[in-house]
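Chains as they are written, first to last, in my numbering: chain A, 1 to 273; chain B, 1001 to 1341.
Derived from the structure by calculation, the hints contain no laboratory data. Glycine included, every Cβ here is placed at the ideal spot set by N, Cα and C. Mixed in with the good hints, there may be bad ones.
What the hints assert, rightly or not - Simulated restraints, written as ranges between beta carbons of each label pair:
{"#": "1", "chain 1": "B", "residue 1": "E1238", "chain 2": "A", "residue 2": "I209", "range": "56 to 62 Å"}
{"#": "2", "chain 1": "B", "residue 1": "Y1255", "chain 2": "A", "residue 2": "D273", "range": "20 to 26 Å"}
{"#": "3", "chain 1": "A", "residue 1": "T89", "chain 2": "B", "residue 2": "E1238", "range": "34 to 40 Å"}
{"#": "4", "chain 1": "B", "residue 1": "Q1031", "chain 2": "A", "residue 2": "P207", "range": "45 to 51 Å"}
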Amino acid sequence: MSEANPYRPIKTEVLDVITETPTIKTLRLQPGEPIFFQTGQFIELTVPGVGEAPFTPSSRPSRKDVLEVTIMRVGKVTEKIHQLKKGDTVGLRGPFGNGYPLEEFKGREVLVVGGGCGFAPLRSLMYSLFEISGELKKLSFRGGCKNPEEFLYRGEIAEWSKRKDLDIELTVDKGDKNWKGKVGLVTVIIDSVDMDYKTGIGIVCGPPIMMKFATRKLMEMGFRDKNIYLSMEKNMSCGIGKCGHCRIGNYYACKDGPVFSYDKIKDFHEIWD
Amino acid sequence: MVYISAGNLRRLLDILQDDYGVYIPVKKGEQRFYRRYDGALDDFVIGEVRAFEPLKAFFTRAREKVAEGFGQDVPHAQDKPLAVVGVKACDLKGFKVQDHVFADHDFQDPLYIKNRRENLIISADCTCVLDTCFCCALGVTPFPTENYDINLSAVRGGYLVDAASEKGRALIAKHKSLFQEAKREQEGDRDRQRARVKAQVEENIKREGVPVQDRFGGIIERNLESKMWEEEAKACVECGACTIICPTCHCFLLYDQKDEERMARLRVWDSCMFKGYARVAGGANPRPKLWMRLRNRFDKKFNFFPKVADFYACTGCGRCISACPAKIDIRKVLKRLVNNV
Chain A
1 MSEANPYRPI
11 KTEVLDVITE
21 TPTIKTLRLQ
31 PGEPIFFQTG
41 QFIELTVPGV
51 GEAPFTPSSR
61 PSRKDVLEVT
71 IMRVGKVTEK
81 IHQLKKGDTV
91 GLRGPFGNGY
101 PLEEFKGREV
111 LVVGGGCGFA
121 PLRSLMYSLF
131 EISGELKKLS
141 FRGGCKNPEE
151 FLYRGEIAEW
161 SKRKDLDIEL
171 TVDKGDKNWK
181 GKVGLVTVII
191 DSVDMDYKTG
201 IGIVCGPPIM
211 MKFATRKLME
221 MGFRDKNIYL
231 SMEKNMSCGI
241 GKCGHCRIGN
251 YYACKDGPVF
261 SYDKIKDFHE
271 IWD
Chain B
1001 MVYISAGNLR
1011 RLLDILQDDY
1021 GVYIPVKKGE
1031 QRFYRRYDGA
1041 LDDFVIGEVR
1051 AFEPLKAFFT
1061 RAREKVAEGF
1071 GQDVPHAQDK
1081 PLAVVGVKAC
1091 DLKGFKVQDH
1101 VFADHDFQDP
1111 LYIKNRRENL
1121 IISADCTCVL
1131 DTCFCCALGV
1141 TPFPTENYDI
1151 NLSAVRGGYL
1161 VDAASEKGRA
1171 LIAKHKSLFQ
1181 EAKREQEGDR
1191 DRQRARVKAQ
1201 VEENIKREGV
1211 PVQDRFGGII
1221 ERNLESKMWE
1231 EEAKACVECG
1241 ACTIICPTCH
1251 CFLLYDQKDE
1261 ERMARLRVWD
1271 SCMFKGYARV
1281 AGGANPRPKL
1291 WMRLRNRFDK
1301 KFNFFPKVAD
1311 FYACTGCGRC
1321 ISACPAKIDI
1331 RKVLKRLVNN
1341 V
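Generate coordinates for the entire structure from the input sequences, incorporating the hints supplied.
Below is the structure:
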């Protein structure tokens, strides 16, 4: 009999590497043992001999055999991840934490606000919401990015725009000659959504500065604190609330989050930093 | 209550070596350091005060392997469990925090659980105090009351022995020829000594004006914006000694290394005082300044733990005071926090 070891990664094969933007790649992974995750939960990805880093899968959770993570090259581990090729071996631990409470969204109007690399976890969320869109009162997406080249999943998002069950609008900080969408920060296109803000759900994921201003905007519009869901980026390491790094007030992002409703964390200092 | 003579305790330590790696404090200069007992060691100290190293070092090692390759097994390095002798009450309070983190919390840590289950704790009453001792302010007495297997109280010629666990009772029963019934006057001696040492700690507290824990409620929230954090952190050199040496601090860092052909995952103690502690990939750092990290250290001890676990993560052992090259004094910080109304 072997005891469960929470620090042991599962041997995982890299099935494919997709270049999304100059700094972002998506890895298609096949874990040696099935990993069942809920949208919004995260995993720790190990590059053998280099280290591990936390990512929220960008693929739909209903696909059990293959999992995708979309990764921006920003540090030591992600630098190595970007060098991975088809057939390489990596490790996975998880899933960890709490995902989005999909059951609570049923019967409600849902607005998803994404910025930059925040599109990665939101892609997983959007596919999960599409699967239950018949049970949602309304589904809207507002996404923003620095410029058109940095838009993730352009092909897929073009498909989303044709969906009848989705109200979608996109913006870039700075457009180019081919860009036909809005220009400006994502916060300026949020209030074009036609819904009852007092009862609606607002979900925000993106860089910290964008999350801060988008949350502020949602509150101004009338969204209730408890109806705003944030995916918090902290330095998650152990994934099980022991190593201490990802503390937010009375919580650990790794086990109590990374998805928090705003009312739970709004009174703690340092949440946006 | 039973009694063991000093000679028989030595015999017991000799016997324990069959089943345990036995560690016992030895005095060097003004400090006491744990050494491996090998039968020949004879300058050990059972009583006196806490050792230099915190007890947690025997339960989560400063650096240890937690996974090898993709293998299922939990690596357990030691061949024998450990018997730690002469442990003081302040370190035993550290178990409250360590157990909460590694054993009682939603997820259990298999390495810690094994060490906790198998290691033997032979604690002892303090027989003197250091200037930095202030355990009574944190509701700890300088004699163990819980979390030990057997406890030794120095009396003339030997020790009164008290068991607080099945393991401890079984140990006494197994070696009953080494023990005698305690005499009533020995118990009187013990009680007088306990009262004397407790009075000395209380004298320390009074001299330094250390507030007692009943007054700690809300001290962090009340002082979040205080200038005192910057003032206190001014001399800090970010060495991390205060957290490494603390019996309650539990933070660690996971890192991977190539162990010859096999990948190994290690965990090493980490410190929230280090700049990179909370930094995320890409460089964003919630606590870029030292004073923010000092505030966070106190927030964790005196705000987080009482909220999630109903105790303060400080034992009054005073190690962080003597370890700090910048002379940052937790007693003084607590005094300022309490008095800033």
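Evaluation of the provided hints:
1. B:E1238 to A:I209: 56 to 62 Å: About 27 Å separates the Cβ atoms of E1238 (chain B) and I209 (chain A), which means 56 to 62 Å is violated.
2. B:Y1255 to A:D273: 20 to 26 Å: Holds, since Y1255 (chain B) and D273 (chain A) (Cβ atoms, about 24 Å apart) stay within the stated range.
3. A:T89 to B:E1238: 34 to 40 Å: 38 Å, holds
4. B:Q1031 to A:P207: 45 to 51 Å: 49 Å, holds
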